[in-house]
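Place chain B on chain A using the hints.
For the record, the sequence lines run as chains A and B. Numbering of the first sequence is given in my numbering, commencing with residue 1 and proceeding in unit increments. Numbering of the second sequence is given in my numbering, commencing with residue 1 and proceeding in unit increments.
Hint data in this document are derived by calculation from the structure and do not stem from the laboratory. Just so it is clear, the structure is predicted and the values come from calculations on it, not from any experiment. It is possible that some hints are incorrect.
What the hints assert, rightly or not - Taking lysine to aspartate or glutamate pairs in the EDC-like style, the calculated list, with each CA pair at most 16 Å apart, reads:
{"no.": "1", "chain 1": "A", "residue 1": "113", "chain 2": "A", "residue 2": "88"}
{"no.": "2", "chain 1": "A", "residue 1": "96", "chain 2": "B", "residue 2": "102"}
{"no.": "3", "chain 1": "A", "residue 1": "49", "chain 2": "B", "residue 2": "102"}
Said to hold, decoys possible - Computed far set for chain B versus chain A, every beta-carbon distance over 10 Å:
{"no.": "4", "residue": "11"}
{"no.": "5", "residue": "58"}
{"no.": "6", "residue": "90"}
For glycine and all other residues, C-beta sits at the position ideal for the given N, C-alpha and C.
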Amino acid sequence: AQSVSQHNHHVILSEAASLELGCNYSYGGTVNLFWYVQYPGQHLQLLLKYFSGDPLVKGIKGFEAEFIKSKFSFNLRKPSVQWSDTAEYFCAVNWKAAGNKLTFGGGTRVLVKP
Amino acid sequence: ETGVTQSPTHLIKTRGQQVTLRCSSQSGHNTVSWYQQALGQGPQFIFQYYREEENGRGNFPPRFSGLQFPNYSSELNVNALELDDSALYLCASSSPTDMNTEAFFGQGTRLTVV
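If we strip away everything but chain A, and leave its shape as in the complex, we get:
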């Protein structure tokens, strides 16, 4: 079965620190890749997505992600975090052969200390 793994369950960092969250997925052919964020008490929101083209994708709120096909990875980065980035982050993969459904990683809870 296809799977998505996120390397860190919890990350704690200070404001202005850089953030990188890892995401790896299993082989299964062509994929669409997503990062979602869930702020406390809010719905899942899309941060960024990759369908094709430039493997470096820029999203909202200063986030970016890099698709490395050879490593089956789609890591999320932000050069300088803010307290408001405290949230849970989910990597999600849509294997095109499996239709239009998403497989999520287990999530990474990020706490940014002011």
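Same frame as chain A, now just chain B:
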């Protein structure tokens, strides 16, 4: 706001009871997917409905069932509730005519089974 609305927002049920959760999709979207997000985990795909027909199902027992109506709204029904069914249930709508599209999530229904 994503335009996807779910009701109710919270629900408490007793083990063995049945529950119905509702979702209105975003305007223009005719595909609705349901996900279960247990505490501390990423969302897991339950099933998807497209034009009133089930269009893919995850690893959930038959007591999880659904419907989609002509206006593309959807229901998730769970029979014979178990304690482990306690979770946040998410609805997502998308447009299947383009595989390169994102899913828009509602705020979820938090179900507690006691």
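These are the hints, each one checked on the structure:
{"no.": "1", "hint": "A:113 <-> A:88", "result": "15 Å, holds"}
{"no.": "2", "hint": "A:96 <-> B:102", "result": "13 Å, holds"}
{"no.": "3", "hint": "A:49 <-> B:102", "result": "8 Å, holds"}
{"no.": "4", "hint": "11", "result": "17 Å, holds"}
{"no.": "5", "hint": "58", "result": "8 Å, violated"}
{"no.": "6", "hint": "90", "result": "7 Å, violated"}
When the structure is compared with the earlier hints, violations turn up for hints 5 and 6 and for no others.
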